[in-house]
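*Asks:* Using the sequences provided together with the hints, build the complete structure.
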Amino acid sequence: MALIEAQNVGKIYHTGKVETQALREASFTINAGEFVSIMGPSGSGKSTLLHVLGFLDRNTEGMYRFDGKTIDDYSSNELARVRNKRMGFVFQSFNLLAKATVIENVKLPLLYSDVHEKLWDEMARHAVDSVGLSHRIGYHSSDLSGGEKQRVAIARALVNNPAVVFADEPTGNLDSKSGAQVMGIIENLHHQGKTIILITHETYTAEYAQRIITLADGRIENDRKVREDTKSINRHFVK
Amino acid sequence: MKLRYLFTTAGTSVWTHRTRSLLTILGIVIGVASIMLIVSIGKGAEKLILDQIGGMGADTIVVRPGKEPTGPSDFADTLFADSLKDADVAALKKKSNVPDLVEIVPAVIVSGTASYRGETYRPTTFGWSVELLSRMFKVYPVEGILFGEDEIRANANVAVIGAKVKEELFGIESAVGKNVRIKDKNFRIVGVFESHGQAAFLNVDETIVIPYTTAQKYLLGITYYHEIMMRAESPDVVAQTVRDIEATLRTSHKIPDSGENDFFIETQQGLVDQISTIIGVLTAFLSSVVAISLVVGGIGVMNIMLVSVTERTREIGLRKALGATNRDILSQFLVESVLLTLSGGLIGILGGVLLSLAASLVLSITVGTSWGFTLPLSAALLAIGVSVAVGLVFGIYPARQASQKSPIEALRYE
Ligand SMILES: Nc1ncnc2c1ncn2[C@@H]1O[C@H](COP(=O)(O)OP(=O)(O)OP(=O)(O)O)[C@@H](O)[C@H]1O
Ligand SMILES: [Mg+2]
Chain A
1 MALIEAQNVG
11 KIYHTGKVET
21 QALREASFTI
31 NAGEFVSIMG
41 PSGSGKSTLL
51 HVLGFLDRNT
61 EGMYRFDGKT
71 IDDYSSNELA
81 RVRNKRMGFV
91 FQSFNLLAKA
101 TVIENVKLPL
111 LYSDVHEKLW
121 DEMARHAVDS
131 VGLSHRIGYH
141 SSDLSGGEKQ
151 RVAIARALVN
161 NPAVVFADEP
171 TGNLDSKSGA
181 QVMGIIENLH
191 HQGKTIILIT
201 HETYTAEYAQ
211 RIITLADGRI
221 ENDRKVREDT
231 KSINRHFVK
Chain B
1 MKLRYLFTTA
11 GTSVWTHRTR
21 SLLTILGIVI
31 GVASIMLIVS
41 IGKGAEKLIL
51 DQIGGMGADT
61 IVVRPGKEPT
71 GPSDFADTLF
81 ADSLKDADVA
91 ALKKKSNVPD
101 LVEIVPAVIV
111 SGTASYRGET
121 YRPTTFGWSV
131 ELLSRMFKVY
141 PVEGILFGED
151 EIRANANVAV
161 IGAKVKEELF
171 GIESAVGKNV
181 RIKDKNFRIV
191 GVFESHGQAA
201 FLNVDETIVI
211 PYTTAQKYLL
221 GITYYHEIMM
231 RAESPDVVAQ
241 TVRDIEATLR
251 TSHKIPDSGE
261 NDFFIETQQG
271 LVDQISTIIG
281 VLTAFLSSVV
291 AISLVVGGIG
301 VMNIMLVSVT
311 ERTREIGLRK
321 ALGATNRDIL
331 SQFLVESVLL
341 TLSGGLIGIL
351 GGVLLSLAAS
361 LVLSITVGTS
371 WGFTLPLSAA
381 LLAIGVSVAV
391 GLVFGIYPAR
401 QASQKSPIEA
411 LRYE
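Each protein sequence line maps, in turn, to chains A and B.
The first sequence lines up with residues 1 to 239 when you count with the working numbering.
The second sequence lines up with residues 1 to 414 when you count with the working numbering.
No lab work stands behind these hints, which were simulated from the structure alone.
All C-beta atoms in this analysis are idealised placements derived from N, C-alpha and C, irrespective of residue type, glycine included.
Heads up, a few of these hints could be off.
Label-pair ranges, simulated between beta-carbon atoms [as the list claims (entries may be wrong)]:
#, chain 1, residue 1, chain 2, residue 2, range
1, A, G132, B, I396, 31 to 37 Å
2, B, R18, A, N161, 54 to 60 Å
3, B, F7, A, D121, 16 to 22 Å
4, B, F7, A, R224, 49 to 55 Å
*Replies:* This is the structure in structure tokens:
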């Protein structure tokens, strides 16, 4: 069974009397352990798709299944639980709690989990360690650089050991060096067996993945495998 | 989410906006402090009054003629009612009628001025037993002596006067042995009381006491008494003694079973209850006026919480994306508003205690040393309860708003 299964998924936003079809007839499956990039120009529906996939929003058309279940199969509490245990989110604008320290930010998902409190510290330290920020553990997140902030956000996404990490333009606000560092961490996660769904509009970032789904105007325009040989060339070019 | 984290999260948020938080809870601080002050002063006043009444003894029973007054105008009737006579005193004195009485003294109230060589003064003049008064109010002569049973039996023209009366009529001269004129009759002063001040409803300093027999027959020419004062053996038997007195007087007045009493009986217990009730009502009234400020404070808290929810829309979305349930978010904001109002309550209690302490210092100087500071513990507990309740009531709406935000709306919010 595929981890993620979309059949003719569509999303229509209603704002007052205006209807926006942000997504239409999206069909694909993603297996556990896959690394998939979603590309497309601004407004093409990338974030919308990610929100539907991450159970942050409801599809208005078609059928979307995660772990074989649709969003309507869950109560709102169960949804919160699925997001907490099975999913990790990384956003373009980091979304850290500015007044909290690195470790406090990373612990945040554990507060809402059923993990025993005794383990929180160790799990959070481990996650911070895995993004290479042990030396910043007591810093307030407002005192960090952009790249460091995004690495904290990744640690936060990882801390509860999710099956899937959803990342919406994680390098969008970063310079190319920090961006490469963040992508290195994400690539590593993939090697550790996590499913990665990454939104980006940069081809060289997208090519960290094994597969790229391209959206245009809310429709899937292309769904292709990434050739291993082009990958290294593109990356070399950026560095 | 664990309770401890709810509190640390809320605490951090409140502390981050300290100035705003402080201004927000000011209404509650002032409200709680005022209530504490009112209750403390009320309790202090009650204690003061009860202490003074207590001086008269819980074993004291007073019978007055006429119907029990239900309003101020009824008191005038008491002065002219003539149902209490010598026969009643005699009946009450019989052990077989009222076994537990240790003392029975009738009293007559004489109105009018007293004068000495052109100096006049308007004292409260009682035809009474001066020994009983001395014992009841614990006031003793500084000069001369008290008259006793012999003078009462003999209808003697003798008087004991209070310190103020002495000063007004005689100045620094000695008063003992001199004659004071009351209602055109001369009374020889045998004693002068020490200065005592106000005690319960009587200011001994402004009082002249003469034998009740003299006052009744010689001065007023009446055959009845204005009241009969009695003491029971102990406060425990007061209730039974009151019933005995009532039965005795009904028999002696030949009142049929269905008839209404033409006298009424008062005990200190009744007065104590009345005063406690009056002060209680007054305190409750003032407190409820002040409670309005708690409502206003609550609205202030609601307002700030709504602002806070809007400001933190992104944070709410993030928490939801990370696995917070609606209930987690609801509790987070509810705990925050309760924390706000509770700290308001606690600061208010502290302020109230300090204010009460200051007030009791001022009052003990102006009113008298017997004014004691009462820590209104029950009011403090109530204040804590009320401030938590205000936080819950006014926090629930903003907290619901927060909990119902969808994660997407929240994350998109700029
Ligand atoms: N909450 C919403 N209400 C109404 N319309 C929306 C909403 N969210 C997105 N849209 C619209 O849906 C379309 C797709 O938006 P989406 O955010 O998915 O694009 P995107 O591909 O992520 O773009 P970008 O690269 O700029 O982030 C856009 O036309 C957008 O205006
Ligand atoms: Mg987007």
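*Asks:* Now tell me if each hint is right for this structure.
*Replies:* Hints and how they fare:
{"no.": "1", "hint": "A:G132 x B:I396: 31 to 37 Å", "in the structure": "44 Å, violated"}
{"no.": "2", "hint": "B:R18 x A:N161: 54 to 60 Å", "in the structure": "38 Å, violated"}
{"no.": "3", "hint": "B:F7 x A:D121: 16 to 22 Å", "in the structure": "19 Å, holds"}
{"no.": "4", "hint": "B:F7 x A:R224: 49 to 55 Å", "in the structure": "52 Å, holds"}
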